[in-house]
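Trainee: Sequence:
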Amino acid sequence: MEISEVLIRQGLLTTDQGDQVRRQMNGHRFDKAVIEMGLLTEEQTLRAFAEELGMKYVDLKDFEIDPELLNLFPTSTIYRHSLLPLRRENGRIEVATSDPFDLEALDELSSLSNLRLEPVLARHEDVVQFIKNKLGVGGDTINELVKQKTDDDDDYLAEASRADGELAEMAQQASVIRLVNELLLEALQQQASDVHIEPGERGLKVRYRVDGMLRVQSVPPEINQFFAAIVTRLKIMSRLNIAEKRLPQDGRIELKVAGRDIDVRVSIIPMLHGEGIVLRILDKGRMVFNLSGMGMPDPIYKPFQKLITLPHGIVLVTGPTGSGKSTTLYSGLNEIRSAHTKIITVEDPVEYQLDGISQIQVHSRIGLTFAAGLRSILRHDPDVILIGEIRDYETAEAAIQASLTGHLVFSTLHTNDAASSFTRLVDMGVEPYLVASTVEGVMAQRLVRRLCSHCRESYRPNPDELPKDFPNRDIEELFRAVGCRECGDTGYAGRIGAYELLISDDTIREMCGEKVSSTRIRQYGIEHGMISLRQCGWLHAMNGTTSIDDVLRITKGDIV
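Each number in our numbering comes from the position in the sequence shown (counting from 1) with 763 added on.
Keep in mind the hints are simulated off the structure, nothing from the lab.
Don't take each hint at face value.
[Stated by the list, open to error] Capping the alpha-carbon separation at 27 Å, the derived lysine-lysine pairs in DSS-like fashion look like this:
#1 K795 <-> K819
#2 K895 <-> K819
#3 K895 <-> K1069
#4 K895 <-> K824
#5 K1319 <-> K1231
#6 K1105 <-> K1065
#7 K1019 <-> K1069
#8 K968 <-> K897
Model the full assembly from the supplied sequences, consistent with the hints where possible.
Mentor: Now the structure itself:
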């Protein structure tokens, strides 16, 4: 059967399009080339084949699979050929495949299971995701490890009392390396920012943080037997001490995946049932530092643009860990970077490398702290300085001295809102008059989730059900999350910033000098036009970018 003729006969392609695809196939099969070129979706081609071949097309969304059915088949074949047994039907077992022409794979599964199979068609991504959900990420690799362990009389994976040398040897085995790689690759595929590998009384739990929310990742129960080897493998990759199991350790792994540079920060902390691991993933290839594309409303974007072009002073960005502070600062630096401006950063760690900017990595063990680095770089004649974080009095004092000597200083603080930054610096021991005279503005931020553009649902809200501080009670249309295949049934895909910009004026400087509380400074800011985090979130909700629920989740109500 000529694949091109099927698609043309069913009216999905014209003859001219068929000729165009043949010229650009580059060794790919015709239907794969059609999908790659964007002329048809995989679902369209599979439905056409199903009709031509008299097969069923199955949408796996909301499909329930009997777990006992999967136990009848070798998982290695299921993983290798992406074949998913679905259900018993008329004495046969329906098996989902995304390739109706791969008969060898179906024959292999049939002969190994000694069962009669009926192939049905389903999207490749759906089949693979179902296999991972039902059998766990790395299930095939785990089975291989279990087999190796059973075949080996020397059971050196049983307890932590084994020699570290043997454990290191196990951690370097191809199967363990592949298992760790599969966990990392799945995290990248889901665009996770963090991977949590947590030992518990009932076994190992793996969770991925996607768009700020933790998701439990299905893994085979047998993975518990290899937890020690996984920890050791990650320690070897991040150049940590594999013999040290009592103290926390921090390391770093640099990977290259599909041509993209991936930086993984590794944090290992001893816990009650073993060492807990958190991997922070920085995908450098996906980062774009563009201030105008960060979702700032005009009343915040334009004043912030002016703020970052001042000749001297301190500009602070505040918020909790993972709220996008570094991205905002890098985007600001990108905006003002030029051949005429000398920009130097002191960071711990240097997260992203930017051309035309001198970046210094902090090494506290050898005395290169934020404060020490800052004092040194002042002799390098910079115009703009970025300090990764103001953590203590020494760093705060050095930042203030730098701003007083004619430099523009960018930095971050951990505070809940913009107004709290003034009192936080005073609490560190900085004189209030110095804070008042040097801090030019503070940006507080959070990240709210974007509604999935494929499935978001429009609705007319009941005014009585809207939050009390929602600005437009007569609004006719809002959007809410639904969930679909494209967003993994979460209803959200990606995130956008919610911002709060407080610019110092004479009154704020006076209030700061008098040690007025952050609540009063915040009240003054809102009364004089400051858009709060909550209000910025409402703007995103009214634009259809996010939902009311997510704004409520991430921001606190304004009290004025």
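Trainee: Give a verdict on every hint.
Mentor: We went through each hint and held it up to the structure:
no., hint, verdict
1, K795 <-> K819, "holds (20 Å)"
2, K895 <-> K819, "holds (23 Å)"
3, K895 <-> K1069, "violated (49 Å)"
4, K895 <-> K824, "holds (15 Å)"
5, K1319 <-> K1231, "holds (12 Å)"
6, K1105 <-> K1065, "holds (23 Å)"
7, K1019 <-> K1069, "violated (38 Å)"
8, K968 <-> K897, "holds (15 Å)"
Of the hints listed earlier, those the structure fails to meet are numbers 3, 7, in rising order.
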